[in-house]
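**Student:** Based on these hints, arrange chain B on the given structure of chain A.
Here is what each chain is made of, one letter per residue.
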Amino acid sequence: MKLLEYEAKRVFSGYGIPVPKGVLIRGPEEVTAHLPELGDGVVLKAQVDVGGRGKAGGVLFADDAAAVRTARELFSREIKGVPVREILVEERLPIEHEYYVSIAVDRSSRQPAVLFADAGGVEIENKALADESAVRKVVVSPLLRDIPPFLMRELLGGAPKELAPVINSLYHVFQEKDAMLAEINPLVTTPRGVYAADAKLIVDDNALARQGIAVNRDLSEREREAEKHGFSYVELDGSIGVIGNGAGLTMSTLDLIEYYRGRAANFLDVGGGADQERVMHAVRLVASMPEVAVIVVNLLGGITRCDEVAKGIIAAGVAPTVIVRMAGTNEEEGRRLLAESGYRMLESMDAAVKAAMEVVS
Amino acid sequence: MIYGDRNLSVIVQNITGRQGTFHTELMNAYAREVGGRGVVAGVAPGKGGREVHGVPVYNTVKEALREHDATASVVFVPGAHACDSIMEAAHAGIELAVAITEHIPVHDVMLAIAYAKLHDCTVIGPNCPGLLSPGECKLGIMPAHLATRGNVGVVSRSGTLTYEVVDELTRAGIGQSTVVGIGGDPVIGQTFVDALARFEDDPHTKAVVVIGEVGGNLEEEGVRSTDLPVVTYIAGVSAPPEKRMGHAGAIIEGGEGDARSKVRRLAALGIPVASRPSEIPELIREVL
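Protein chains in written order, with the numbering used here: chain A, 1 to 361; chain B, 1001 to 1288.
Only chain A is shown next, with the shape it has when bound in the complex (with noise of 0.2 Å):
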């Protein structure tokens, strides 16, 4: 899960990474009583989940005179279709260089991975993607509590070795916020020292419990709801429903949707174990999605029973035509069960999803 800048910036504080002095404002009123504690002229930062915020608008700066003006202009803008409620309001600060740091889950080396570049700001991706030397990059062994000196020297090259304890810190939010990445962009000198101009902290799904985040925000309200059954679920916008078991599974029938020329309602991977209630459950979930003419349930495995899943989509009961293909033990019994209820039982994922195309067209 994301966590907004203000939220990551109060963590990375936590851990002695200097921010700039700043309010979290609700209304553009409420900027007025913070103008004194942060000095003359101000940064107002949109709170938004959206990537490229500043490009699209969602950075103002102000002087003292113009900020609740500013911080109305701002409130009453949608960045990137997202509605601006909260905005963090800044000091300037007397940057003299900004730098880039990440630390982010390296795949490939199955190590934590961290990034220094010697230019920060909004274009490092782009100049990353065109000159990979413009980005240092070292892998950090999960058993060290903290990146050593070597390591250090390696990643920052010529910039300040005031940045060093930042980055070292940054690592250790990193390994005890369970990050996927934790990221300052820029990292800013100044006179009066480093700051983190800016944050970014993904939280694994897998560890949100243990970080006790206990409302995944990056979900929409069915796909909660979804959760709560065990299923992984997205929500798409076409018409045709998806129910797989294994997400890989499922992935490869939206492909074949799409290679058909169709377009899936949805993802929903009911995981292990498809007995008859969480069947139910999930057919229930995607016919309720008003767009959805048909729904295709594609299940394999050894241990599914067939005949349990015919019952549970029998039990659902739903408008939509459901079209089956599975696989797995008691597949006779699942047939004859489905048959006798006028649901149609398939061969092959192809076969199913050609089915559902005549039902759409």
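One or more of the hints may lead you astray.
[What the hints assert, rightly or not] Quick look at which bits of chain B chain A covers, simulated, 3 or more residues with Cβ under 8 Å:
#	segment
1	1154 to 1166
2	1182 to 1194
[What the hints assert, rightly or not] The following label-pair restraints were derived from C-beta to C-beta distances:
#	chain 1	residue 1	chain 2	residue 2	range
3	A	L143	B	N1007	30 to 36 Å
4	A	R344	B	R1149	31 to 37 Å
5	A	S13	B	R1050	47 to 53 Å
6	B	V1193	A	D218	28 to 34 Å
I should point out that these hints are in silico values taken from the structure, not numbers from a laboratory. Heads up, the beta-carbon is just placed ideally off N, CA and C, and yes, glycines get one too.
**Tutor:** What follows is chain B alone, placed relative to chain A:
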């Protein structure tokens, strides 16, 4: 076969759990069928002295290995404790740990893999269905009846999608040397590169099906690393960016891992890419 043959002797960690118990019996049914050794012991802390389907249970891996000469472990321990169990196995001298468990925090996985490496223990998974060498051995949860012995290797990040492909291959009369699910998480012990290196050393494997997913670029690293003929299939070409489709590994990162560009890059390397699973047998015939 890669990773092991019918002489592989296996323990199951959390053998008293629902999954552990169920799959111990299926693994041993397969071992009986092919004349293999199968699961010789189980581990469940505090439950030593019991039996599960005739398999003795021990409190620790160390105790189990004192009585049995097992070299591999299948880990069914739930999320919060799974990595501790992998490290316990590695520490006790297990050489191959197959972690079936899903939803393990990625930092735990990085730690367990690094620790296992110190003890020369190979980790497959987590979040994987395990491995199956038809006619030799089965470690994990793959439905063995879909597979048939042959000379095509299968390596995959998925579970059920692997069964789909194995089923397609078997129906087309193409047997498999080993089928290995390396897991769908962002961090996994054995990558495509590792599995393909093993296939390359296996005299029974003549070609490999690589089943990938949206996310990362490990498929590409894998096919670049091998001289074996390879056919690939990538799931998730219809996945919208930034949407998570079940596997943590399937998050699209920085454009690098989206399935469409992955397919493009594989095709540019001259690798046949199936646009749906049912095309795989035909493509395999062409490269064999």
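**Student:** All hints are to be evaluated individually against the structure, with a verdict given for each.
**Tutor:** Against the structure, the hints:
{"no.": "1", "hint": "1154 to 1166", "in the structure": "holds (count 9)"}
{"no.": "2", "hint": "1182 to 1194", "in the structure": "holds (count 6)"}
{"no.": "3", "hint": "A:L143 x B:N1007: 30 to 36 Å", "in the structure": "holds, 33 Å"}
{"no.": "4", "hint": "A:R344 x B:R1149: 31 to 37 Å", "in the structure": "holds, 34 Å"}
{"no.": "5", "hint": "A:S13 x B:R1050: 47 to 53 Å", "in the structure": "holds, 51 Å"}
{"no.": "6", "hint": "B:V1193 x A:D218: 28 to 34 Å", "in the structure": "holds, 31 Å"}
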